[in-house]
Amino acid sequence: GAVVSQHPSWVICKSGTSVKIECRSLDFQATTMFWYRQFPKQSLMLMATSNEGSKATYEQGVEKDKFLINHASLTLSTLTVTSAHPEDSSFYICSASTGKWNQPQHFGDGTRLSIL
Amino acid sequence: GQQVMQIPQYQHVQEGEDFTTYCNSSTTLSNIQWYKQRPGGHPVFLIQLVKSGEVKKQKRLTFQFGEAKKNSSLHITATQTTDVGTYFCAGLGSSNTGKLIFGQGTTLQVKP
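Order-wise, the sequence lines are chains R and Y.
Here the working numbering is used: position 4 in the first sequence is 4, and no number is missing along the way.
Here the working numbering is used: position 54 in the second sequence is 54, and no number is missing along the way.
Because the hints were derived from the structure by calculation, they are not lab data.
Errors might be hidden in some of the hints.
To be verified - Derived pair list, reagent style DSBU-like, types lysine-lysine, alpha-carbon separation capped at 30 Å:
1) Y:Lys-111 x R:Lys-41
2) R:Lys-20 x R:Lys-64
3) R:Lys-20 x Y:Lys-99
4) Y:Lys-56 x R:Lys-41
5) Y:Lys-51 x Y:Lys-70
6) R:Lys-14 x R:Lys-64
7) R:Lys-100 x Y:Lys-111
8) R:Lys-100 x Y:Lys-36
9) Y:Lys-111 x Y:Lys-51
10) Y:Lys-99 x R:Lys-55
11) R:Lys-100 x Y:Lys-99
12) Y:Lys-59 x Y:Lys-99
13) R:Lys-64 x R:Lys-41
14) Y:Lys-111 x R:Lys-66
15) R:Lys-14 x R:Lys-41
16) Y:Lys-70 x Y:Lys-59
17) Y:Lys-99 x R:Lys-41
18) Y:Lys-57 x R:Lys-100
19) Y:Lys-99 x Y:Lys-111
20) Y:Lys-36 x R:Lys-41
21) R:Lys-20 x Y:Lys-36
22) R:Lys-64 x Y:Lys-99
23) Y:Lys-56 x R:Lys-14
24) R:Lys-100 x R:Lys-20
25) R:Lys-100 x Y:Lys-56
26) R:Lys-66 x Y:Lys-99
27) R:Lys-20 x Y:Lys-56
28) R:Lys-41 x Y:Lys-70
29) R:Lys-41 x Y:Lys-59
Claimed, not checked - Derived DEER-like restraints, expressed as beta-carbon distance ranges:
30) R:Ser-5 x Y:Val-84: 42 to 52 Å
31) Y:Arg-38 x R:Ser-5: 28 to 38 Å
32) R:Leu-74 x Y:Met-5: 31 to 41 Å
As the list claims (entries may be wrong) - Only part of the chain R face toward chain Y is listed, based on derived beta-carbon distances under 10 Å:
33) Cys-13
34) Met-45
35) Ser-73
Using N, Cα and C, we set each Cβ at its ideal position, and we do this for glycine too.
Produce the complete structure using the sequences and hints provided.
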């Protein structure tokens with residue numbers, strides 16, 4: 001149980017393109033999902049907290065207009081990297097908890113984004 | 001802001017040797033969670049510690065939560081090549097947002 005699916009796994013696209021990443025909880029409902037960014041050999045950096053039916057809460061320094069988050073249902077959150085540039089290349093991972101706020105998070109497989 | 005420091009950053013051991021990674025938080029934590037990330041993979045939940053002074057074991061892995069709920073450790077006895085990966089501690093603060101503050105991670109290499 002507690003499976004989180006993230007799609008796509010890999011994206012390579014040209015600079016200026018917008019890229020949408022989907023995160024789905026397959027066998028549970030997730031009121032809250034989290035989006036992280038991870039640089040090579042570094043830790044996970046929380047970008048934003050995605051709340052179903054309301055606006056996402058962004059961490060300090062994360063551009064809201066750059067990284068659009070939509071949590072349309074209890075099983076789906078999307079992250080759109082708008083007008084992506086090479087510096088946006090990274091590994092993006094989503095996670096979700098099965099229940100209360102203090103429960104473990106279950107991570108998607110991640111999306112490796114490369115902007116040429 | 002709240003920070004979680006984790007050491008060491010890297011550890012190379014011979015198979016069969018023990019391994020320990022340590023975490024320290026700048027603030028008291030509601031709980032601490034441990035995750036393992038294999039190369040090229042995503043973090044996988046290992047365990048959660050909630051109580052002050054709590055100790056939990058999973059086969060060769062022993063997890064401890066400090067009395068002050070500000071530090072934690074993961075100890076692996078007799079490492080195996082399957083233990084290779086990066087181990088992250090992640091602290092949950094007192095707010096009810098569910099936000100985890102991740103440590104920098106300790107990457108374990110095991111020589112066969």
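> Hey, does the Cys-13 (chain R) contact hint survive, CB to chain Y under 10 Å?
Replying inline: violated (21 Å)
> Does the structure keep Lys-99 (chain Y) and Lys-55 (chain R) at a Cα separation of 30 Å or less?
Replying inline: holds (16 Å)
>> For a C-alpha distance cap of 30 Å, please report whether Lys-111 (chain Y) and Lys-66 (chain R) respect it.
In response: violated (43 Å)
>> Would the hint linking Lys-111 (chain Y) and Lys-51 (chain Y) be met if the CA-CA limit is 30 Å?
In response: With a Cα-Cα distance of about 35 Å, the restraint between Lys-111 (chain Y) and Lys-51 (chain Y) is violated, given a limit of 30 Å.
> Is Lys-111 (chain Y) within 30 Å of Lys-41 (chain R), Cα to Cα?
Replying inline: Measuring from Cα to Cα gives roughly 20 Å; hence the hint holds.
> Is it true that the C-beta distance of Ser-5 (chain R) to Val-84 (chain Y) lies inside 42 to 52 Å, as the hint says?
Replying inline: At roughly 25 Å between Cβ atoms, Val-84 (chain Y) and Ser-5 (chain R) fall outside 42 to 52 Å, so the hint is violated.
>> What's the verdict on Lys-56 (chain Y) and Lys-14 (chain R), does the C-alpha distance respect the 30 Å limit or exceed it?
In response: violated (48 Å)
> Are Arg-38 (chain Y) and Ser-5 (chain R) spaced within 28 to 38 Å by their CB atoms?
Replying inline: 18 Å Cβ-Cβ, so the 28 to 38 Å window is violated.
>> Take the shortest C-beta to C-beta distance between Met-45 (chain R) and chain Y; is it under 10 Å?
In response: Since chain Y brings a Cβ to about 8 Å from Met-45 (chain R), closer than 10 Å, the hint holds.
> Is the Cα-Cα distance between Lys-100 (chain R) and Lys-36 (chain Y) 30 Å or less?
Replying inline: Roughly 22 Å separates the two Cα atoms, so the pair holds.
>> What's the verdict on Lys-14 (chain R) and Lys-41 (chain R), does the C-alpha distance respect the 30 Å limit or exceed it?
In response: holds (25 Å)
>> Hinted pair, alpha-carbon criterion (30 Å max): Lys-70 (chain Y), Lys-59 (chain Y). Please report holds or violated.
In response: Roughly 25 Å between the alpha carbons, so the hint for Lys-70 (chain Y) and Lys-59 (chain Y) holds.
In terms of the numbered hints stated before, the structure departs from hints 7, 9, 14, 19, 23, 27, 30, 31, 33, 35, listed from lowest to highest.
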